[in-house]
Amino acid sequence: MKAARTRRWQRFSTAERISRGLLYVLTAVAVVWSIKAIDVIPEFLYDAPEQTADLFKRMWPFDWAFYPKAIHAALIETFHIATLGTILAIVLALPLSFLAARNFTSNPLLNFIAQFIFVSSRSVNSLIWALLFVAIFGPGALSGMLSIAFRSIGFVGKLFGEALEEAQRGPIEALTAVGAPRSMLLAKGYWPQVEPAFWSIALLRWDINIRESAVLGLVGAGGIGVALDAALNNLYWDQVGLILAVIFTVVILTEIITSSIRARII
Amino acid sequence: MSAIDRPAAFPVNWPARFAWIGLALYTAYATSILNLTWARFLTGLDNGAKFLGRMFPPNMAADKLDLIAVGMVESIQIAVLATFFGVLLSMPLGLAGARNLAPGWLSWSARGLIAVFRSFHPVIVSILFVKAVGFGALAGILALIVSSMGFVSKLFAEVVEEMNPKQVEAVRATGASFWNVLIMAVMPQVMARFVGLSVYQLDSNLRNSTMVGIVGGGGIGAPLFTAYQRFDYDVVLTILLLIIALIMLTELVSGRIRRIFQ
Numbered sequence: 009m010k011a012a013r014t015r016r017w018q019r020f021s022t023a024e025r026i027s028r029g030l031l032y033v034l035t036a037v038a039v040v041w042s043i044k045a046i047d048v049i050p051e052f053l054y055d056a057p058e059q060t061a062d063l064f065k066r067m068w069p070f071d072w073a074f075y076p077k078a079i080h081a082a083l084i085e086t087f088h089i090a091t092l093g094t095i096l097a098i099v100l101a102l103p104l105s106f107l108a109a110r111n112f113t114s115n116p117l118l119n120f121i122a123q124f125i126f127v128s129s130r131s132v133n134s135l136i137w138a139l140l141f142v143a144i145f146g147p148g149a150l151s152g153m154l155s156i157a158f159r160s161i162g163f164v165g166k167l168f169g170e171a172l173e174e175a176q177r178g179p180i181e182a183l184t185a186v187g188a189p190r191s192m193l194l195a196k197g198y199w200p201q202v203e204p205a206f207w208s209i210a211l212l213r214w215d216i217n218i219r220e221s222a223v224l225g226l227v228g229a230g231g232i233g234v235a236l237d238a239a240l241n242n243l244y245w246d247q248v249g250l251i252l253a254v255i256f257t258v259v260i261l262t263e264i265i266t267s268s269i270r271a272r273i274i
Numbered sequence: 002m003s004a005i006d007r008p009a010a011f012p013v014n015w016p017a018r019f020a021w022i023g024l025a026l027y028t029a030y031a032t033s034i035l036n037l038t039w040a041r042f043l044t045g046l047d048n049g050a051k052f053l054g055r056m057f058p059p060n061m062a063a064d065k066l067d068l069i070a071v072g073m074v075e076s077i078q079i080a081v082l083a084t085f086f087g088v089l090l091s092m093p094l095g096l097a098g099a100r101n102l103a104p105g106w107l108s109w110s111a112r113g114l115i116a117v118f119r120s121f122h123p124v125i126v127s128i129l130f131v132k133a134v135g136f137g138a139l140a141g142i143l144a145l146i147v148s149s150m151g152f153v154s155k156l157f158a159e160v161v162e163e164m165n166p167k168q169v170e171a172v173r174a175t176g177a178s179f180w181n182v183l184i185m186a187v188m189p190q191v192m193a194r195f196v197g198l199s200v201y202q203l204d205s206n207l208r209n210s211t212m213v214g215i216v217g218g219g220g221i222g223a224p225l226f227t228a229y230q231r232f233d234y235d236v237v238l239t240i241l242l243l244i245i246a247l248i249m250l251t252e253l254v255s256g257r258i259r260r261i262f263q
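Going line by line, the protein sequences match chains A and B. Whatever position you read off the first sequence (first residue = 1), add 8 for my numbering. Whatever position you read off the second sequence (first residue = 1), add 1 for my numbering.
Take these hints with a grain of salt, some might be off.
[What the hints assert, rightly or not] Simulated restraints on C-beta separations:
no. : chain 1 : residue 1 : chain 2 : residue 2 : range
1   : A       : Ala36     : B       : Leu183    : 44 to 54 Å
2   : B       : Asn101    : A       : Ala45     : 26 to 36 Å
3   : A       : Ile26     : B       : Met188    : 19 to 29 Å
4   : A       : Lys65     : B       : Ala17     : 51 to 61 Å
5   : A       : Arg25     : B       : Leu66     : 36 to 46 Å
6   : A       : Val37     : B       : Pro189    : 47 to 57 Å
7   : B       : Ala70     : A       : Thr257    : 41 to 51 Å
8   : B       : Pro189    : A       : Ala78     : 52 to 62 Å
9   : B       : Gly49     : A       : Leu102    : 39 to 49 Å
10  : B       : Trp39     : A       : Arg272    : 34 to 44 Å
For the record, the hints were derived by calculation from the structure and aren't laboratory data. Positions of the beta carbon are idealized from the N, C-alpha and C atoms, including for glycine.
So here's chain A without its partners, still in its complex pose (with noise of 0.2 Å):
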């Protein structure tokens, strides 16, 4: 009894406490490693608030003429790249999620191959892929649209999957009871289950490539980082400030948009 009364009572466990402060201290170790390797150039350091005063100094007032000459159409363009590069991405990520999903393919080698191609599309950078495809299509929106498609893949295919993952059996043993063939099976069992959140996740990754693609002229894969590169290399900032407020205003309109069809469908 006594024992009971004494006994010490401890939010964690001793084997959490240790592998938690193993992790602080792994942590505390990487970042003196970094900032002991990182080299600061201090000449550059010292005239910083001089350079960026004068970025500011010299992007204000901007050059509205450029917006009608160069920014309009690009501006067009990088909204399709991103839009088109999204419904290709869903429309190849789809079936690949079905094989990713353990409850529909039983195949343990499919699932992996799945996943797999759905890593090496979320570690490769839409900038890197961009690069790839300018080489392969040459400069243009084709290259822009391929690589937003192949960097969301993988982002849409394992969100699609492990959402596929966890839809309830009940409806789908109750389809196959009654002898429904395998696309009702997906139309009537599977699909009701997992809109929401096929619409939550395309949405968002249109809001995501929106905001990649205007970067992606900068390697010559269309929209409007074609006049972001071009202006940056002759200089003139104050195109550049006008480009960047278009990005920026684009970004914030997007992302009210897609916050209001969410609201509304899901």
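With chain A held as given, fit chain B onto it using these hints.
Quick look at chain B alone, frame taken from chain A:
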């Protein structure tokens, strides 16, 4: 014995059908606008075969590997520092953005700042930082700190807004100061999610740190871009394979870390 007039089992959802048709029409229209023709795609495939032929086998020459190793290590360091400082700064910014803790003017200005940080791609931010602090890893670190703050503090503010207010009330009822409420009532509820977000951000910073080098922000991106411009596609492939391996490894590790803190 006429057929019983009963409703269809699955009535047609006309608004949804129109939306799908609209989407299909848009796709066709945008494809034609962007001049994406099948012929162009096919010539591209021809090019692609040549391109892949020059990529294989990956270049494993010792001098190239040394160069790549230096770049990889620098990328990892950029990611570690950007995550550490970005996450550290996100905590106050996220708390300031939470509408249930901070007064209105503070949460709105914090949210505005977060929106600015979030809306620019890390590459654009690193271009600006390269101009401000010069070429090198520092520009990349600063750029990724900004994008980390955008992501982590936005989601952290949402987590704080979703927390259970009862514990806060209970601690407040004992006459605790603001800081005590923060430490005893708020942080225990949100810390696990915060660590989860931070670990996720480490993953995404690693991914982005391979890219900031393209615009002069240090890391593996610089050798990758150089190899690309010199048409050393076999080196490009080596670097890409190493990046994929690194990301897979960190995804495994971060999954473990998240489990420890749950």
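Going through the hints against the structure:
| no. | hint | in the structure |
| --- | --- | --- |
| 1 | Ala36/A / Leu183/B: 44 to 54 Å | 23 Å, violated |
| 2 | Asn101/B / Ala45/A: 26 to 36 Å | 41 Å, violated |
| 3 | Ile26/A / Met188/B: 19 to 29 Å | 22 Å, holds |
| 4 | Lys65/A / Ala17/B: 51 to 61 Å | 52 Å, holds |
| 5 | Arg25/A / Leu66/B: 36 to 46 Å | 41 Å, holds |
| 6 | Val37/A / Pro189/B: 47 to 57 Å | 27 Å, violated |
| 7 | Ala70/B / Thr257/A: 41 to 51 Å | 42 Å, holds |
| 8 | Pro189/B / Ala78/A: 52 to 62 Å | 53 Å, holds |
| 9 | Gly49/B / Leu102/A: 39 to 49 Å | 24 Å, violated |
| 10 | Trp39/B / Arg272/A: 34 to 44 Å | 37 Å, holds |
The structure fails to meet hints 1, 2, 6 and 9 from the earlier list, while all remaining hints are met.
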